[in-house]
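Participant: One letter stands for each residue in the lines below.
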Amino acid sequence: MDPLYQLIYQSTQQRMTENTQKSSDLLRIQKKELKEKSSRANELDSAELSPDLNSMGEDLMGSMDPDMFGRSNSAERFKRAWEEEPEERKEQDEEEGEEEGEPGGTAEALAEEKRRSESERSQLESIPESKSDSRSDSESDSESDSSETESDSESEPDSDEAEEEPEEPNSEAEAEDLPTVVLEPDVLDRSQASLEATDTVEAPAPVEAPSEEKLEPAASGFTSLLDQGSGFLRSDVKADTAELVLEPDDLPLPELPPGLADLTARLISGDSSRPGYRRLAHLLSRFGAGVLRMALREKVQVYLLPPGNRLHAHPLVANLLEDEEVEGAVYIPEKRTMVVEDSCVARVPRGFHPVLYYFAHAFDHVLGGGEGYASLKSAAVVASYESCRQSLAGHRFADDLAGASPVHYFAQAVESYLGENDSLEPLWSRDDLYDFDRSIYDYVDYLFRRINR
Amino acid sequence: MVLYPLRSGNEGRKAGEFPVGQIHFDGQTVSIECPDRDLLARLRELFAQPRRVRAVRGDQEQVMAHTWITLEPGTEQHFSACVARLHHFGLVPG
Chain R
1 MDPLYQLIYQ STQQRMTENT QKSSDLLRIQ KKELKEKSSR ANELDSAELS PDLNSMGEDL
61 MGSMDPDMFG RSNSAERFKR AWEEEPEERK EQDEEEGEEE GEPGGTAEAL AEEKRRSESE
121 RSQLESIPES KSDSRSDSES DSESDSSETE SDSESEPDSD EAEEEPEEPN SEAEAEDLPT
181 VVLEPDVLDR SQASLEATDT VEAPAPVEAP SEEKLEPAAS GFTSLLDQGS GFLRSDVKAD
241 TAELVLEPDD LPLPELPPGL ADLTARLISG DSSRPGYRRL AHLLSRFGAG VLRMALREKV
301 QVYLLPPGNR LHAHPLVANL LEDEEVEGAV YIPEKRTMVV EDSCVARVPR GFHPVLYYFA
361 HAFDHVLGGG EGYASLKSAA VVASYESCRQ SLAGHRFADD LAGASPVHYF AQAVESYLGE
421 NDSLEPLWSR DDLYDFDRSI YDYVDYLFRR INR
Chain F
1 MVLYPLRSGN EGRKAGEFPV GQIHFDGQTV SIECPDRDLL ARLRELFAQP RRVRAVRGDQ
61 EQVMAHTWIT LEPGTEQHFS ACVARLHHFG LVPG
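Taken in sequence, the protein lines are chains R and F. Residue numbering for the first sequence follows my numbering, starting at 1 and increasing by one per position. Residue numbering for the second sequence follows my numbering, starting at 1 and increasing by one per position.
Same shape as in the complex, but just chain F (with noise of 0.2 Å):
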C-alpha cells in the first residue's frame, strides 16, 4: 500500500503527487518503507500500538449498539484500524 501526503486545496484535502512511503502487511508483521526518519518512527508507533475501536453490538431488528473494544497489533483488524487513522498523520494510502 502506497503512502502519499495530504495536499490542502480549494476543493478539500487530496492525495499528493508523490508518494511518502509504503507500508504491507503479510498477515503477522507489518513493513514499512519511508525514507523521511521522522515519519516512519511516528508510523512504527502508530502500528505497534494496540487500537481501541468501536465494535457493533445487537442487531437490526431487535437493538443497535456498540461497545469498544481493543485490538493487538499482528491482527487484519489492527492493520485496517491503523490505515484508517493514517488522515492524522496527513497520509492517505493510495
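So here's chain R without its partners, still in its complex pose (with noise of 0.2 Å):
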C-alpha cells in the first residue's frame, strides 16, 4: 500500500473518531443540562413514570425535552392533564360552597366533603355487592331491590339483614351518613368464622388427649436437625448428681497383638475369664509395649478384684484407707500396685478411666526410678502445672483434683491423652487437653513416642 495514502486513511480515521466523541460528549452535557434545568422547575422525568416497556421509547425521547425536538408530545399532555385536575377541582368546590350558601373554607363545610367522598366510595364498593343481594333476593321471592335493602337497613336496624351486619354502627350519626354494606352470606360466614378464631385464642379450647398416634415432642426425639432445643446442636448439660445406671461396656474388643497380650497377662492378676480381665488388658495396651515393658521390669502389679468385691476387699486398701470411701481404683506406691473394681472395667465408667488414671501414677513411679515420681522433678510438668495454677492464658486444669498436685496433673494428662472418649460424661478430652493445655500435650506426646518407639 502507498504510505501516502495510508497517512491520509489514518488521519481520516482519527478525525471521524475525534469527531464522534465531541457529538457524544455534547449530547452527554446538553442531556445533563436539561435534567438539571427540570429538577430545578420541579418537572417530572417521564421516563420515571412509564411502567411498560412500550411507552419507554417515547418517553426516552420525551425526556428529552419536547420542545427541542417536537415530536413527543406526552410529557407535555400529562404535564397539562396534571394542571388541569386541580382547576376542575376548585371550580366544583366553589360552586358546592355558593350552594350550600357557606364559604367553602370552613373546618364544617370539609368535614361534610370528607364524609360524601367517603360514603361515595363505599357506594362504589358496594355496588356489586348489592347487586348480587338484590339477586339472592329475587330467589327468595322478596320484593325489595338493592336500594330498598339500602332504605330498610337504615329505616328498620331490627330486620333480619342488618342482624347480619358484622359490625352495628357506634353513633346514630354515622348510621345516618354511611350506607349500610351488605356482605354475601359466604362472606358473613367467614367473617364469623374469623371472629370465632379470634375467642379461641383468648379462650383456649379445651384440650384433647393426645393420641397414641401422635408423636410427643418429648418422647419423639429429634423433630428437625436444626432443633437446637433438644441437645443435637449443644450438650445437654444434666445435672451430673443424678444416679446413673452404668451399663455393661460390651463393645467387642479386637484380639490383642500376641506381644501385648503377654505384656498384660504378665502385669494382671484376676481371673483372665472374665470379660473385666480383657477390658483391664485393652486399657493397659494404650500405654504401649514399651511402656509395659519398663513397668514390668520396676515390678508394677495389677490385681483386679472378683466381682461384686469393693476395693476394702483388698487387705493393703482396707488398712491405709479404713473407712474412707473410695471409689474405681487405687494405686499404692510402696508396693507398686494398682488394684481395680471389677465393676470399673465391666461397666461403662463415668467422667473418666480410673484404669488408664491410676496406672499413669504407677507409670510416673517407674518413670521416677527409686526417688518418687517422676512429676515433681520434670521441668516441663512442674512449669505447665505453674502456668494452670497460675491461670496462665492457654492453661487450664481438667478439675480441682488434676491441680492437687503436679503428679496428679500429669496422671490426668495421660489420661486425657489415652482417653478414646469411650467414658460417660468424659470431664477432659484429649481434644480438650490439646486446646486448653498444649504444653502438657505435647510434652506427654513426645514421652510416649521416646519410650514406645
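Hints listed in this document are in silico derivations from the structure and should not be mistaken for laboratory results. The structure presented is a predicted model; accordingly, all values stated were derived computationally and were not measured. Even for Gly, the Cβ is constructed at its ideal location relative to N, Cα and C. This list has only true hints and no planted wrong ones.
Facing chain F, a subset of chain R residues (Cβ under 10 Å, in silico):
# : residue
1 : 317
2 : 333
3 : 334
4 : 373
5 : 427
Both chains are sitting in their own frames, so use the hints and assemble them into the complex.
Facilitator: As C-alpha cells, this is what we get:
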C-alpha cells in the first residue's frame, strides 16, 4: 500500500473518532443540563413514570425536552392534565359552596365533603355486592331491590338483614351518613369464622388428650436437625449428681497383638476368663509395649478384684484407707500395686477411666526410679502445672483433683491423652487437653513416642 | 469473668473475638450477664445445680485414691467446677 494513502487514511480515521467523541460528549452535556433545568423547575421525568416497555421509547424521547425535538407530546399532555385537574376541583368546590350558602373554606364544609367522599367510595364498593344481594332476594321471592334494602336497613335496624351485619354503627349520626353494606352470606360466614377464631385465642379451647399415634415432642426425640433445644447441636448438661445406671461395657474388643497380650497377662493378676479382665488388658495396652515393659521391669502389679468386691476387700487398701470411701481403683506406691474394682472395667466408666489414671501414677512412679514420682522433678510438668495454677493463657486444670499436685496433674494429662472419649460424660478429653493445655499435651506426646518407639 | 465463644480452627479451638457474657461470683451468689436468652437459661441451670466432682483420698506416699463428692451451689468450689465445665457449652472464660 502507498504510504501516503495510508497516512491520509489514518488521519481521516482519527478525525472521525474525534468527531464522534465530541458529538457524544456534547449530547451528554446537553442532557445533563436539561435534567438539571427540569429538576430546578420541579418537572417530572416522564421516563420514571412509564411502567411498560412500549411507552419507554416514547418516554425516552420525551425526556429529551419535547420543545426542542417536537416529536413527543406525552410529557406535555401529562403536564396539562396535571394542571387541569386541580382547576376543575377548585371550580367544583366553589359551586358547592355557593349552593350551601357557606364559604367553602370552613372546617364544617371540609368535614362534610370528606364524609361525602367516603360515602361515595363505600357506595362504589357496595355496588356489586348489592347487586348480588338483590339477585339472592329475587330468588327468595322478596320484592325489595338493592336500593330498597339500603333504605330498609337504615329505617329498620332490627330486620334480619341488619342482624346479619357484622359491625353495628357506633353512633346514630354515622348510621345515617354511611350506607349499610350488605355482605354476601359466604362472606358473612367467613367473617364469623374469623371472629370465632379470635375468640378461641382469648379463651383456650379444651385440650384434647393426645392420641397414641401422635408423636409427642419430648418422646419423639429430634424432630429437626436445626432444633437446638433438643440437644443435638449443643451438649445437654444435666444435673450430674443424678445416679446413672452404668451399662455393661459390651463393646466388641479386638484381639490384642501377641506381644501386648503377653505383657498385660504378666502385669494383671486376676481371673482371665472374666470380661473385665479383657477390658483391663485392652485399657493397659493403650500405654504401649515400651511403657508396659518398663512397668514389668520395676515390678508393677495390677490386681483385679472379683466381681462384687469393693476396694476395701483388698487387705492393703483396708489397712491404709480404713473407713474412707473410695471408688474405682487405687495405687499403692509402696508396693507398686494397682487395685481395680471389676465394676470399674466391666461397665462404662463415668467422667474418666480410673484404670488409665492410676496406671499413669504407676508409670510416673516408674519413671522416677527409686526417688519418687518423676513429675515432681520434671521441669516440663512443673512449669506447666504452675502455669495452670496461675491461670495463664492457654493453661487450665481439668478439675480440682488435677490441680491437687503435679503428680495428679500428670496422671490426668496421661488419662486424657490415652482416653478415646469412651467414658460417660468425659471430664477432659484428648481434644480438650490439646486445646486448653497444649504444653502438657506436647510433653506427654513426646514421652510416649520416645518410650514406645 | 468474661465468657468468650470457642471457635474451631486449624490449631484446635480458640476463644472468639467477641464476648458473649459475663459471670461473677461474690462469695454466695453467681450473677450472669448474657444477652442470649437461651444461653442465659442454660448457664443459670448450670450454676444452680449441684455438681459431682472428684476428690483426692489418701496421699502420695501411702495410697492414691479418689472419691466422688457433691458440691452445692453457693461455694467457691462449686463455682470453679462449673467454670471448668463451660467448654461443654462452647464457651471459655477469658
